[in-house]
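Starting from the given sequences, assemble the full structure and let the hints guide the process.
Spelled out from the first residue to the last, the chains are:
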Amino acid sequence: MQALTIKDLRKTYPTGNEALKGINFSVAPGDFYALLGPNGAGKTTAIGIISSLINKTSGIVEIFGHDIDTDIEAAKSCIGLVPQEVNLNLWETVHNTVLNQAGYYGLGSRLARSRTEKYLRALRLWDRRKDSARSLSGGMKRRLMIARALVHEPRLLILDEPTAGVDIEIRRSMWEFLREINAAGTTIILTTHYLEEAESLCRHLAIIDEGTIIEDARMSVVLRKLQREVFILSLVEPLDAAPKLDGFETRLVEETELEVNKGPDQSLNQLFAQLQAQGVEVVTLRNKANRLEELFMRLVENKQDGFKEVGAS
Amino acid sequence: MNIALNLIAMKTIVRKEVIRVMRIWVQTIVPPAITMTLYFIIFGNLIGRRIGTMDGFDYMQYIAPGLIMMSVITNSYGNVVSSFFGAKFGRHVEEMLVAPMSNATIIIGHVAGGVMRGMLVGVLVTIIALFFTKLEIRHPFITISVVLLSSVVFSLAGFINAVFAKKFDDISIIPTFVLTPLTYLGGVFYSISLLPEFWQLASRANPILYMVNAFRYGILGTSDIDIGTAYAILFVFIIGLFVMCQQLMSRGVGIRE
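Protein chains in written order, with this note's numbering: chain A, 144 to 456; chain B, 119 to 375.
Hint data in this document are derived by calculation from the structure and do not stem from the laboratory. Note that the Cβ used here is the ideal one computed from N, Cα and C, for glycine as well. Wrong hints could be hidden among the right ones.
[Said to hold, decoys possible] Sample of chain B residues facing chain A (criterion: CB under 8 Å; computed from the structure):
#: 1; residue: L123
#: 2; residue: I126
#: 3; residue: G208
#: 4; residue: R374
[To be verified] Capping the alpha-carbon separation at 27 Å, the derived lysine-lysine pairs in BS3-like fashion look like this:
#: 5; chain 1: A; residue 1: K261; chain 2: B; residue 2: K129
#: 6; chain 1: A; residue 1: K164; chain 2: A; residue 2: K150
#: 7; chain 1: A; residue 1: K273; chain 2: B; residue 2: K129
#: 8; chain 1: A; residue 1: K261; chain 2: A; residue 2: K273
#: 9; chain 1: B; residue 1: K284; chain 2: B; residue 2: K206
#: 10; chain 1: B; residue 1: K285; chain 2: B; residue 2: K206
#: 11; chain 1: A; residue 1: K387; chain 2: A; residue 2: K405
#: 12; chain 1: A; residue 1: K431; chain 2: A; residue 2: K387
#: 13; chain 1: A; residue 1: K273; chain 2: B; residue 2: K206
[Claimed, not checked] Taking beta-carbon pairs under 8 Å as the criterion, some of the chain B residues facing chain A (in silico):
#: 14; residue: A122
#: 15; residue: R209
#: 16; residue: A217
#: 17; residue: G372
#: 18; residue: E375
Structure follows, in structure tokens:
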């Protein structure tokens, strides 16, 4: 049984906008799944339908085998949602925000209170529990929404851009937290514009664009399809011109910064061997662009020509 | 349906509503107390002396049940419409929509919140009334049941208003242009027997007339209408409005795209 199964899901808004054009995908239990796509691609619509905030036009949605048309209560019990936009009652205290959500999921008073404390502590909000939500910073509000979504300990956690507008330190600590709850067995679906985040956290990804799924595969498989990588090398000594390296394309960005384009059949050992032979000493090396970001852009730009074009580009 | 889950969820909504009413008590409790005190002073004490008796009761005594009912109606309606529309506007209604509780639980929880505020204000206005006049409850069961049922009717109506409302203006249109005129014309300040025959007949189309008179009957033992008809109207409205709320929620009108 899959954590989430979506079959031929369609959504047409009253304005005539066809947000989803019959998408199909499934998420395995325990997976960390990225749902990516440009703005307006249909990600939030899909998440809205899965979490019962948007009515679908047609199609099937099953959450751990519970069809949202015939078994909505059981389906909803399995889901925790962290929406894209802050939807907190800003006048409510931090504690009551989480406690109330526990009540909405039918948790008894004692359990609700202990879970509220557990997740407020886990997300470092316990000290602010008596404050109203409006007094929190943007990052704290995001963390409060995560605590609220987790209080009933859902089997499927859906995060719609959870780290948007959050500083890097908090983002990294949120990643760590999400890895922990995923390791504990919670299936996670993540949408994000930070592709580094998806590449770092997720094991599977689907890319949606203009209401259709244009890629759905394991992260490692998708990344292998990106056949060329560009590296930036920092050099010890300045150079006048880019060195000629057999099989590699090179370009001197600055006197001490060399750009190297590496093909799929070449190794970094070959690169360093040739550099050493020419007396070029390297201090550091980094990817010019995030690999997934590069792939994402190519997919979205070339989707009409099919994915094979990516490898050829 | 998981009954235990829904009962806990309903209790949570009611608790949330109680906290909300108490948190903003300056907006929820104080204004009706001040308004009703002014009604008692101006209409009851100053003008009422010149009016004399109505249906055998001094004017202050006659209008007291109507003023209590008026405050219950407006506060029950106002609580639900502002709370549920506020939740829609701030999008925290989604907290309830994603949860596995039934639509009926969401409706009943908010209606219970409206009834709670209506009763709280009703008791407060009754205490204020006792500073100005003597009230002896002739029929306690009728008094309590009519005020509770009327509060339920207007809480449900407030919920429907909130579902359809798209902006804050929309939650004041019905109270201003429908509720207040119907309340003033619903026999709060006069017996409809004073009206010409046509307007007596027209007044009988006003459901608030039945609620005010049934409540007045419970306290003073006098009424312009048949009490059985008042109960029938209350039950018809409750069933009709509840079914409408359920349908709106299940279709997602105003809350789901």
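Here is what the structure says about each hint:
1. Restraint check, L123 of chain B versus chain A: the minimum CB separation of about 3 Å is within 8 Å; hint holds.
2. Annotation: interface hint on I126 of chain B holds; nearest CB of chain A at approximately 5 Å, less than 8 Å.
3. Checking G208 of chain B against chain A: minimum C-beta separation of about 6 Å stays under 8 Å; hint holds.
4. Checking R374 of chain B against chain A: minimum C-beta separation of about 5 Å stays under 8 Å; hint holds.
5. Between K261 of chain A and K129 of chain B, the direct Cα distance comes to roughly 22 Å. Compliance with the 27 Å bound is thereby established for this hinted pair.
6. A hinted pair counts as satisfied when its Cα atoms are at most 27 Å apart, and K164 of chain A with K150 of chain A qualifies at roughly 11 Å.
7. In summary, the hint linking K273 of chain A to K129 of chain B is supported, as the alpha carbons are separated by about 21 Å, within the 27 Å threshold.
8. Between K261 of chain A and K273 of chain A the CA atoms are separated by roughly 15 Å; this keeps the pair inside 27 Å, and the hint holds.
9. Taking the CA atoms of K284 of chain B and K206 of chain B, the gap is near 9 Å; set against the 27 Å cutoff, the hint holds.
10. About 10 Å separates the Cα atoms of K285 of chain B and K206 of chain B, which keeps this hinted pair within 27 Å; it holds.
11. With a C-alpha separation of about 13 Å, the suggested pair K387 of chain A and K405 of chain A falls inside the 27 Å cut-off, and the hint holds.
12. With a C-alpha separation of about 20 Å, the suggested pairing of K431 of chain A with K387 of chain A holds against the 27 Å cut-off.
13. Distance check on the hinted pair: K273 of chain A and K206 of chain B sit about 24 Å apart at the alpha-carbon level, within 27 Å; holds.
14. The criterion of a C-beta within 8 Å of any C-beta in chain A is met by A122 of chain B, whose closest approach is roughly 6 Å, and the hint holds.
15. The beta carbon of R209 of chain B comes within 4 Å of a beta carbon in chain A, closer than 8 Å, and the hint placing it at the interface holds.
16. With a cut of 8 Å, the hint placing A217 of chain B at the interface with chain A holds, because the nearest CB-to-CB distance is about 4 Å.
17. Given hint, G372 of chain B at the interface with chain A, is violated; its Cβ is 12 Å from that chain's nearest Cβ, farther than 8 Å.
18. Below 8 Å, beta-carbon pairs count as interface contacts, and E375 of chain B has one with chain A at about 5 Å; its hint therefore holds.
When held up to the earlier numbered hints, the structure conflicts with hint 17 and nothing else.
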